[in-house]
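Number of protein chains: 2
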Amino acid sequence: MTLLNASRGMSLATALVLASGVAQAQAPLASWNDGASKQAIVDFVARVSQEGGPDYVHPSERIAVFDNDGTLWSEQPVYVQLAFAMDRVKAMAPEHPEWKDTQPFKAVLENDVAALAASGEKGLMELLAATHAGMSTEEFSAVANQWIRSARHPKTGELYTGMTFQPMLELLQYLRENRFKTFIVSGGGIDFMRPWAYEVYGIPPEQVVGSQIKVSYEVKDGVPTLMREPGIHLNDDKAVKPVGIHYHIGHRPIAAFGNSDGDYQMLEWTTSGPGPRLGMIVHHDDGEREVAYDRGSHIGGLAKGLDDAGAKGWHLISVKDDWSCVFRYACAPGR
Amino acid sequence: MTLLNASRGMSLATALVLASGVAQAQAPLASWNDGASKQAIVDFVARVSQEGGPDYVHPSERIAVFDNDGTLWSEQPVYVQLAFAMDRVKAMAPEHPEWKDTQPFKAVLENDVAALAASGEKGLMELLAATHAGMSTEEFSAVANQWIRSARHPKTGELYTGMTFQPMLELLQYLRENRFKTFIVSGGGIDFMRPWAYEVYGIPPEQVVGSQIKVSYEVKDGVPTLMREPGIHLNDDKAVKPVGIHYHIGHRPIAAFGNSDGDYQMLEWTTSGPGPRLGMIVHHDDGEREVAYDRGSHIGGLAKGLDDAGAKGWHLISVKDDWSCVFRYACAPGR
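Residue numbers (full-length UniProt numbering), protein chains in the order written: chain C, 1 to 335; chain X, 1 to 335.
Hint data in this document are derived by calculation from the structure and do not stem from the laboratory. Nothing here was measured: the structure is a model prediction, and the numbers come from that model. Just so it is clear, CB atoms sit at the ideal spot from N, CA and C, and this is done for glycine as well.
Only pairs whose alpha carbons sit at most 30 Å apart, straight line, appear in this in silico DSS-like list of lysine-lysine:
no.	chain 1	residue 1	chain 2	residue 2
1	X	Lys38	X	Lys238
2	C	Lys214	X	Lys304
3	C	Lys304	X	Lys220
4	X	Lys214	C	Lys122
5	C	Lys238	X	Lys214
6	X	Lys312	X	Lys181
7	X	Lys214	X	Lys181
8	C	Lys312	C	Lys181
9	C	Lys38	C	Lys320
10	X	Lys304	X	Lys238
11	X	Lys238	C	Lys214
12	C	Lys220	X	Lys238
13	C	Lys214	X	Lys122
14	X	Lys214	C	Lys312
15	C	Lys304	C	Lys238
16	C	Lys181	C	Lys214
17	X	Lys214	C	Lys304
What follows is a set of in silico ranges between Cβ atoms, one per label pair, in the way DEER data are often shown:
no.	chain 1	residue 1	chain 2	residue 2	range
18	C	Val223	X	Lys320	33 to 41 Å
19	X	Lys214	C	Ala91	33 to 41 Å
20	C	Trp196	X	Lys214	26 to 34 Å
21	C	Glu98	X	Gly296	49 to 57 Å
Among chain C residues calculated to face chain X with C-beta under 8 Å, some are:
no.	residue
22	Ser60
23	Tyr198
24	Pro205
25	Glu206
26	Tyr217
27	Pro224
28	Pro242
29	Ile249
30	His251
31	Ser272
Produce the entire structure from the sequences given, and follow the hints as far as they go.
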């Protein structure tokens with residue numbers, strides 16, 4: 001892109017923001033350093049927003065999808081939802097004396113991370129069934145919501161809702177101001193994210209796609225109830241992400257943002273459609289302000305995406321170089 | 001409700017419509033006769049929209065769900081999607097000579113409705129698998145879209161998109177002008193409805209909930225593809241409708257509109273929540289302008305809903321008395 005295009009793109013985008021009547025406390029994308037990543041975003045938005053332009057996309061088709069863990073908030077040192085499940089086990093342990101001698105619960109109660117990891121996916125499923133099922137959707141929502149508003153990150157001591165990435169919050173806002181509809185498409189549990197996503201991300205429950213536990217409808221003692229059952233309805237990760245997108249959204253997004261190889265197919269599906277497309281990967285390369293990890297990490301592992309990004313035309317967002325500030329709690333205190 | 005309340009409600013709703021800046025070609029709900037049904041709608045909308053009022057509902061929670069067949073468009077003499085499947089069988093028959101001697105295909109090719117009905121749910125599933133699976137989601141979307149824009153209703157000779165109920169289109173519009181988000185929640189196939197729902201109902205694909213065929217993601221000859229598989233992911237009818245609402249929307253609607261006992265649980269789930277709720281059933285009692293049917297009809301049967309409407313506080317919409325005009329093609333020619 002030439003400088004001329006870039007400046008035209010910028011002013012068009014700015015004009016649209018002003019025209020939308022949304023009050024701007026600060027410039028859009030304020031926590032993004034000038035550079036290729038920020039420019040790619042601004043340019044893409046300008047192209048699809050320019051009425052009469054060759055790349056114009058009607059607002060009803062301006063669908064942007066975001067992975068959650070590692071893309072919108074911290075996933076280190078442990079997926080937040082796993083921390084939640086572990087806390088639930090501890091809270092529920094008095095009613096389950098047998099857990100003291102049964103894996104994977106024993107591992108959780110003894111904070112034995114190695115034994116927990118050794119229990120594998122089967123152990124994880126048992127943990128989820130014990131802590132995420134057997135109650136109504138409304139009860140679960142209340143428990144998850146209460147936890148996420150009070151639990152604190154083990155390293156920073158901050159609330160998890162403050163461990164969201166400020167530049168990504170600004171990106172969500174910027175896209176919406178330019179008439180994009182923003183969705184979460186996560187491998188995490190949909191009912192864990194929904195209760196607070198609107199407040200923190202500005203994303204309402206109906207725009208959250210995620211893994212889903214089975215739910216059944218029954219009238220219990222005269223009260224209509226949706227019960228959470230110990231079974232998986234959708235495991236929304238890897239090759240299932242485009243499927244989850246189809247089930248929920250029903251058209252192909254034009255922009256996708258992820259951070260791990262679990263997002264590979266979502267990026268691939270999004271960016272292989274006709275017309276303008278934007279695929280971006282948050283590359284966690286900042287060992288000082290966050291954690292540096294990619295290949296070989298068993299949380300948020302990124303290898304194939306890193307290898308193929310160039311050929312696929314996906315942009316790598318460098319946490320170190322592209323973000324002037326990382327966490328919401330530090331960038332925007334009081335928000 | 002007193003007359004005073006009614007008139008205050010009406011003027012508040014009108015003020016909101018004007019404030020929303022949407023150009024009104026005619027008064028809202030123009031095809032609704034004055035009466036209890038129209039009044040119930042206007043009153044409900046006024047109550048939930050009145051900021052500071054006891055029944056105020058934030059716009060993010062103003063979720064309204066609509067059944068499709070028999071609620072938004074005609075389902076007589078046959079579900080439109082079944083007509084589509086039958087036409088597909090006829091179009092595909094040259095490639096399937098064996099269908100001449102195999103049920104339920106034989107029945108379709110010979111227009112033998114009795115034999116088709118005798119094949120039951122198993123036959124219907126075979127019909128759907130043969131005509132709705134084995135192609136990509138984009139191929140299916142194109143085929144369904146092309147059909148629905150050209151096929152004509154057997155009795156009126158009108159396009160199916162003209163066989164939508166004009167008063168319900170006005171209701172969708174009225175709710176949206178009052179900052180409701182409108183969803184379809186149908187037992188019909190989601191991918192059959194999505195391609196045209198935005199244009200005809202103003203409902204985008206991501207706000208359509210319906211029955212879903214299994215879909216898988218694969219890269220075929222280098223092209224990322226979503227393939228439709230012969231299996232059911234969600235059978236979104238009866239007690240599964242509240243479940244589909246949970247999976248897709250993630251919060252409980254405050255208003256629900258249906259017409260058959262297949263909508264019973266959706267109405268029950270919606271109207272049993274706290275705060276103001278609106279449940280309405282389109283009662284097909286007009287044998288002159290449409291078809292009069294309820295109890296015992298095997299299309300859109302309505303018995304339990306009719307029996308319980310009073311106790312549940314659900315309003316019956318009388319096609320005969322409440323609608324001054326029925327079908328879009330006749331009420332709003334040229335639209």
